[in-house]
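Visitor: Model the placement of chains U, H and B on the given structure of chain G, informed by the hints.
One-letter residues, chain by chain:
Protein chains: 4
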Amino acid sequence: MIKVGIAGASGYTGVELVKLISNHPQARLEAVTSSSYKGKPLTDIFPSMRGFESLICEELDAKALSTRVDLMFLALPHKVSMAYAAPLIKEGIKVIDLSADFRFSNPNAYEKSYQKHTDKDLLAESVYGLSEIYRDQIKTARIIGNPGCYPTTILLALLPLIKEKIIHSKGIISDSKSGVSGAGRSLSLTAHYCEANESFTPYKIGNHRHSPEIEEILSIHAEKKVNITFVPHLVPVTRGMVSTIYGQAAKSVHVTDIRKAYDRWYAEEPFVRLLPQGRFPAMSHVRGTNCCDIGCHFDEDTGRIILVSAIDNLLKGAAGQAVQNMNIMFGLADETGLDYVQSPL
Amino acid sequence: MIKVGIAGASGYTGVELVKLISNHPQARLEAVTSSSYKGKPLTDIFPSMRGFESLICEELDAKALSTRVDLMFLALPHKVSMAYAAPLIKEGIKVIDLSADFRFSNPNAYEKSYQKHTDKDLLAESVYGLSEIYRDQIKTARIIGNPGCYPTTILLALLPLIKEKIIHSKGIISDSKSGVSGAGRSLSLTAHYCEANESFTPYKIGNHRHSPEIEEILSIHAEKKVNITFVPHLVPVTRGMVSTIYGQAAKSVHVTDIRKAYDRWYAEEPFVRLLPQGRFPAMSHVRGTNCCDIGCHFDEDTGRIILVSAIDNLLKGAAGQAVQNMNIMFGLADETGLDYVQSPL
Amino acid sequence: MIKVGIAGASGYTGVELVKLISNHPQARLEAVTSSSYKGKPLTDIFPSMRGFESLICEELDAKALSTRVDLMFLALPHKVSMAYAAPLIKEGIKVIDLSADFRFSNPNAYEKSYQKHTDKDLLAESVYGLSEIYRDQIKTARIIGNPGCYPTTILLALLPLIKEKIIHSKGIISDSKSGVSGAGRSLSLTAHYCEANESFTPYKIGNHRHSPEIEEILSIHAEKKVNITFVPHLVPVTRGMVSTIYGQAAKSVHVTDIRKAYDRWYAEEPFVRLLPQGRFPAMSHVRGTNCCDIGCHFDEDTGRIILVSAIDNLLKGAAGQAVQNMNIMFGLADETGLDYVQSPL
Amino acid sequence: MIKVGIAGASGYTGVELVKLISNHPQARLEAVTSSSYKGKPLTDIFPSMRGFESLICEELDAKALSTRVDLMFLALPHKVSMAYAAPLIKEGIKVIDLSADFRFSNPNAYEKSYQKHTDKDLLAESVYGLSEIYRDQIKTARIIGNPGCYPTTILLALLPLIKEKIIHSKGIISDSKSGVSGAGRSLSLTAHYCEANESFTPYKIGNHRHSPEIEEILSIHAEKKVNITFVPHLVPVTRGMVSTIYGQAAKSVHVTDIRKAYDRWYAEEPFVRLLPQGRFPAMSHVRGTNCCDIGCHFDEDTGRIILVSAIDNLLKGAAGQAVQNMNIMFGLADETGLDYVQSPL
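Protein chains in written order, with our numbering: chain G, 1 to 345; chain U, 1 to 345; chain H, 1 to 345; chain B, 1 to 345.
Next up, chain G with everything else stripped away, as it sits in the complex:
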């Protein structure tokens, strides 16, 4: 039984982790922390959480947690996690960080988008937690930088084609769409019901922080510098994410090459589902699951490749993938605690 702690349990990702660990047959929730709700039961924050009346939010104190937890999920804001990881590691606690703080190999890339990184040693050690791609390193990692939701949709769709040189690494576009929970539970006009409802809008064109994360991983696998055009949009749904990705095929690629590449990479993967020819994913098809559904269209005349990938941004895009990584770290099957069947509604 893995003893688990969750930092930042009052946020949407945090409470999703509480749900997943509570339903996990091989893990037990031992501690939750929240700076804003310290001393309060989790059910005060989320009245819908049944049976959690005894779960009291505490402060994040590595020493106090050292004997109680084997692994800590950090569901904290970007730039906050950085300081908490090392003390936990020092106490022998494994860390899965869901912020951007431990996702980058190159500290400069991080610092350009966020701020000065104060723990570059740990950053160098950390493993990028895209489960299907970095499974081997995740197995033995002490610290995981869990991927962003946008990067997860884009990288899972692109990496097999990039790696096998089926798609040109130049000129790739991802037109991505996220539900409102992606912006978290903190208050903002953007997340005000009356502003988000009955609307749809692009945002941060040209300067979204997820581009460097995507480009770093793509570049590693393409073995050359890759730049992509990435435009995120806000959709009036609570949870869900779709990326529609456009690229150009390398010469003499046939549609079956694309499907074969995905098969080679994902045939044994429980959470990546390649859809049949002519079918494309919808947010509702993956809601409540840890799946990434991928559909592809190839126009042989023009060489245009269109990929559509969909995830639940709070699961495969955050808490679900984090638990999948925990499973891998502790020698469990990926699906453990994540194979709850969902209905379409």
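One should not assume that every hint holds.
Unchecked claim - Pairs of lysine-lysine, DSSO-like flavour, derived with a Cα cap of 30 Å:
id, chain 1, residue 1, chain 2, residue 2
1, H, K224, H, K79
2, G, K40, H, K260
3, H, K204, U, K163
4, B, K170, B, K204
5, U, K204, H, K251
6, G, K251, B, K40
Please keep in mind that the hints were generated in silico from the structure rather than gathered at the bench.
Guide: Relative to the frame of chain G, chains U, H and B by itself:
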């Protein structure tokens, strides 16, 4: 041409007033005020407002407005309006206040639900702006306390039946439902998209501030103390309000008595629409209009009367009724500037 | 391991049952039927159902199912189920019917609202599947009439107070609100996105089929004829149901009497949660769970009792309660397969 | 006063036309037709339409309309309009057709996507009703093929840049998103509330009928064959459309060239609004208006141009542009009857 100013233009009611006055054939928008956006163009707050780039938010200064406006709409928070009305009146500016501050005849009732009232003279003078019922007093008023949205739905449905003693004044229940814009544009978890979306919930059972406003008016017309049971609920829509009202018929009432009562009161009213027998209103039927739709059901066996009334909370429930009152004050037909035909979507 | 079949798997209730049985540790899904999709895999109907490619919809044939299933859920339209139950029972298959066809004790009540009942013997034998109230009879039943969603919210809230004579059986009102999935997956203008979205509306005032079902059960427990006023409304959410119930307390009732009554009835029940004083349920608090949350308010001055109960209409209001009943019939704990913890989003 | 008839008034585009003509100061609604609601008042179909009780749906009979209307809007399904236009024209009635039937110059392009065209003469005569681009031809036209909603967003954004050779005509991508009303009022699972709500999905990748319409117009203005990649998506909102368009700049293009091109084309246009640098449109910013908002981003390093254009699909994307075209045909200012100011909610 009526010269109009709007205080609190950065809120949802304020900007709705901006819209109505801009479309009004006999009124001209001369000033908008906003304490939080002072010096900024209205289009910075609401990028969708075309052609308003030159409308700059100013401070609310009665002196500065005295030569520029004939009438001021105060779309300010409860407890804030109170201080601004008198200086405007003194400058000869008529005031329509959309907060609760000038709605009560009895200052004690106000003070019980809000706070100490600092301008009881003006409160005594102010006229309750339920247009259909207080038209005569509104004509000559210098200050109007524009009704709350919940009271508007409930009073328009009940008053004819109360006044004509068709319904018992005892035991009346209003189960009321409001869209999220009723809570305004300020940030709160309640109005967070992910909390309001895909939910529905009652709130403030037993202590909502609108009860005293409703009960005061009902009592006046019933000529005895009336208490009602009022339960508001939050619906995941941007705009709209429905009240389902339950009461008991007086002895020997027939269904035609009910319809006749409404006809006597509202046959000439452009904005109250009694639906045919067996038809009931929907929020979508009144969205974007100043109408109050009323449907009624009477069970002769049990004497149970069920009334359903629907409004757009930002129009007949706030800005629309305010403009209707302005029309009455300035001798215009009620419909002036409010008769825009809406489609159902 | 209980071998289960589901008839009508292509509807929303049917697919919810598929989900629940698939996640159930003591049940195995052996057959699904659908007249409209015969011969097609379930994933053709619901592309989001992963891993169900091999589940092929068949015709509902009692003989063919006799050796394969122990229990059949009938998620068929009202008036259709009636003919299918007896043949299944004859083959030794237990039946949980989710239509209205086996809910009534009195066939006249059924026939008044629906049509001639063609299997009055089985109707007489069938047990009303309100799990918390009829547990003992359910244990040994061969056929269950699973309650309607509206009746479930209303009966669970009212029965303890009716039974203990805390609330007057006269003059009770239920103002109820349902998400759109309550109307099923068949096409209608009412369920068209553009008609339901951004609206809210009452429907079938005075003639909804659920009233007789509610009144029959209330009357049995009150030991006298009970009539209620019941008004259903449509809310723009996919799943969820809230009933706000109004009644009058019997003499000298104290607020603690109400809470004690609920405690006596439900303290040991895993799926009925009485909320603390001053807290009321929201649809989002029970979404994805089999819970019925109940909040209550009592005004000692007026004797007015206000109850609010909320369920997920597809779970406690249909498929969830059906599985709870299956658990009871097969000697399992109620929670088996239904205790999946949900997050608030 | 222009005497107007509307064919297909029971659809969403039809009823939007009823709204616009009713609010139009220079037009009068003389007839509405509907095959499915013949003989019924419009208010039976749309209970929210106040004051239209006397408007009875009739059959579409050119002869019967000849003395009563000057102009007929055909809001009929694709492939149905074709047969009705000629008889109306023959009676001297001008026609604005909102289906695809009269949009193409090249009948082969039409026939490839739809069916055999049975009135090629009229097709040859018809003018493409993209108001800003074809104003001169519209002035004297007898028949207009009103543009599709997707083409309107894409063409208004691209044509100035194509015409002035600022953007490469090769490799253009439009990732487009539409509200559900774009699919009309007919029943389908796609438009079922529970299927569209809380989801987001691409559809008809590789074979949407709007591509040929877009490509034909782009090719004319580029003076060479233009192919685009067009992917439509469904957004859970009632009304609204956004296209995010990606292209490559011609050599030595500067960001100011792009803005200047738009200024040259649209500075005098009341309904095309170029947003300031760094601002992008949202569906909510154009809802209820006839505006097309355009935002652009240019990355000088990579030459990547990103355009975002937004319209209300029922207005500038259908009924609004149709009325704009009527205004042009009858010598009125474009804005007549279309300049109603909207608030953001």
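Visitor: Each of the hints needs a verdict: does it hold here or not?
Guide: Taking the hints in turn, this is what the structure says about them:
{"no.": "1", "hint": "H:K224 <-> H:K79", "result": "29 Å, holds"}
{"no.": "2", "hint": "G:K40 <-> H:K260", "result": "27 Å, holds"}
{"no.": "3", "hint": "H:K204 <-> U:K163", "result": "28 Å, holds"}
{"no.": "4", "hint": "B:K170 <-> B:K204", "result": "22 Å, holds"}
{"no.": "5", "hint": "U:K204 <-> H:K251", "result": "26 Å, holds"}
{"no.": "6", "hint": "G:K251 <-> B:K40", "result": "61 Å, violated"}
When the structure is compared with the earlier hints, a violation turns up for hint 6 alone.
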